[in-house]
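Which chain is which? The protein sequence lines are A and B, in order. Per my numbering, the first sequence starts with residue 266, numbered consecutively. Per my numbering, the second sequence starts with residue 66, numbered consecutively.
Simulated from the structure, these hints should not be mistaken for laboratory data. Computed from a predicted structure; not experimentally measured. For each residue, glycine too, the CB sits at the ideal point set by N, CA and C. All the pointers check out, no bait thrown in.
Taking CB as the label site, the calculated pair distances span: (1) ARG278/A - THR96/B: 49 to 55 angstroms; (2) THR96/B - PRO320/A: 30 to 36 angstroms; (3) LYS339/A - SER153/B: 20 to 26 angstroms; (4) ALA110/B - ILE276/A: 46 to 52 angstroms; (5) ARG278/A - PRO109/B: 53 to 59 angstroms.
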Amino acid sequence: MTTAATRSLVIEREMPHPPEKIWRALTQGALIKEWLMDNDFQPVVGHKFNFRAPPMPKWNGIIDSEVLVIEPNKKLSYSWGSLGLESVVVWTLVPTKSGTLVRMEQSGFRPDQEANYQGANYGWQKFIGGLERVVGELQ
Amino acid sequence: MRTAPDEIFKSLADPTRRAIFERLSRDGEQTVRTLTDHSGVSQPAVSKHLGVLKHAGLVRARHSGRETHYSAQPRALAPLVDWMSYYSRFWHDKFDQLEDLLKRMDQ
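One chain only, chain A, in its complex shape:
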């Protein structure tokens, strides 16, 4: 995967819980399902798995993933492929005085390539729904 011309999304939040506890929520399938999506995740590097959202028109709800990095209580990474978007998600846990800084970085967004085309096929209905408002703001 090339790094040129791709963009990353970073979200950080400090949570009042120890890294060990957050690690469990990030790596135990039953817990992942509670906050993210149904899955057959295993904390084993090279394990291929899926996240499964409820199917929608033009999207089967399946995200193709592979575990890339497992450093218990510190760092977790998996690929995230869906609708032509080929990205990588990296979770980093850093202990703080009152808990843990949770950092999620999703990289690999290529603004003008196939990902957008397939996303458009899926997303047009939602997009049209918001269009009236957007158009109103332009005027």
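Given the coordinates of chain A, work out where chain B should sit on it, guided by the hints.
Chain B only, in chain A's frame:
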């Protein structure tokens, strides 16, 4: 075919045009006559709207005998679809749900 976002916005700003585009996206290829029957405006007006949509790359025309069939090209919306803003919302929601879960979990 790529069109500037401005032109796509303008072409969809008109409610009748938007309705035509939505109808073609939802129900597939249709003739001007069928579209006219459902639009509540005259056939020349529908044709004019289709011309604007076609210019913006949002519909494609296929000639068959005397009839012209129009189909939606939702891929033309690609310049307006931003995965990053989609996933930004997605992950913020998921962070909230993760925090809710952590509150419920034992140490």
